[in-house]
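Visitor: Sequence:
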Amino acid sequence: MACAASEAKAQEEVAKKVLNVVEEQIDAQLEKLNRLDGDELELLRQKRLETLRTEDKQKRDWLRLGHGEYDEVDEREFFNITKNSNVIVHFYKPSSTRCQILDKHLKELTRKHLEAKFIKMNVEKCPFITLRLNVSIIPTIILIKDNVTVDKIVGFTDLGNCDNFSTEMLEWRLSRFEVIKYDDDMGCPPDYAKSRQKIRVIPKKGSIREDSDSSSD
1 MACAASEAKA
11 QEEVAKKVLN
21 VVEEQIDAQL
31 EKLNRLDGDE
41 LELLRQKRLE
51 TLRTEDKQKR
61 DWLRLGHGEY
71 DEVDEREFFN
81 ITKNSNVIVH
91 FYKPSSTRCQ
101 ILDKHLKELT
111 RKHLEAKFIK
121 MNVEKCPFIT
131 LRLNVSIIPT
141 IILIKDNVTV
151 DKIVGFTDLG
161 NCDNFSTEML
171 EWRLSRFEVI
181 KYDDDMGCPP
191 DYAKSRQKIR
201 VIPKKGSIRE
211 DSDSSSD
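Each residue of the sequence shown is one higher than the one before, starting from 1 at the first, in the working numbering.
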């Protein structure tokens, strides 16, 4: 009993010390801000404005390139797009229910992440690109950065192997190679936070087919 009380008291002392350190750091930052004169505050304001102007120009450039829209493209358009943008490509078949599920999530993300161009390609109409990028299971998402393929999401295995994954889960998975920005914890997949399940990697297959867990229309 005495040992438990002693341990609790020790933990309380540690917590107090940590709190004191945090408070000291905050006080130091506040003191630093208080010491700034008018010229220094104006300089900080100007730097912030310059950052905002740069970000605004970048967004305008992205919009000019068609970012913010989720478009279906052909093979010729594909090559032109990948020259100028980071690209997220959804390879689909019109008859695939799981492709329709992905469409819903990708449409939502394309409006949020202007830093990448979201497109879709019908594998039945784009055989050359489909073969070149080794797309063998539908749906497949290919991620392209600086005109180089950096990642591939095959089926729904990386998304929980279910149809009801969240848009946030797809967003987390797409950001693994920084094709899009992600502000939350990369080490904590949104849909796995509660279940604590582990992500599995789907094996490559030999021919184009639908994800084995998907339902056919």
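Keep in mind that the hints were calculated from the coordinates and are not lab data. Treat the hints with care, as some may be off.
[Stated by the list, open to error] List time: in silico PhoX-like cross-link candidates among lysine-lysine, alpha-carbon distance up to 25 Å:
hint	residue 1	residue 2
1	32	83
2	125	83
3	57	125
4	83	57
5	112	125
6	57	181
7	145	120
[Claimed, not checked] Pairwise CB distance ranges, derived in the manner of DEER restraints:
hint	residue 1	residue 2	range
8	68	28	20 to 30 Å
9	56	103	36 to 46 Å
10	24	104	46 to 56 Å
11	188	68	23 to 33 Å
12	43	103	44 to 54 Å
13	167	46	29 to 39 Å
14	100	79	56 to 66 Å
15	75	112	48 to 58 Å
Don't be surprised by glycine CBs; every beta carbon is placed ideally from N, CA and C.
Visitor: For each hint, tell me whether it holds in the structure or not.
Guide: Each hint tested on the structure:
1. 32 - 83: 46 Å, violated
2. 125 - 83: 21 Å, holds
3. 57 - 125: 36 Å, violated
4. 83 - 57: 20 Å, holds
5. 112 - 125: 28 Å, violated
6. 57 - 181: 18 Å, holds
7. 145 - 120: OK: residue 145 and residue 120 at ~16 Å, within 25 Å.
8. 68 - 28: 20 to 30 Å: Violated, at about 42 Å.
9. 56 - 103: 36 to 46 Å: Violated, at about 30 Å.
10. 24 - 104: 46 to 56 Å: 49 Å, holds
11. 188 - 68: 23 to 33 Å: 28 Å, holds
12. 43 - 103: 44 to 54 Å: 47 Å, holds
13. 167 - 46: 29 to 39 Å: At roughly 37 Å between Cβ atoms, residue 46 and residue 167 fall inside 29 to 39 Å, so the hint holds.
14. 100 - 79: 56 to 66 Å: Since residue 100 and residue 79 have Cβ atoms about 27 Å apart, the given range 56 to 66 Å is violated.
15. 75 - 112: 48 to 58 Å: The hint (48 to 58 Å, Cβ to Cβ) is violated, given that residue 75 and residue 112 are roughly 27 Å apart.
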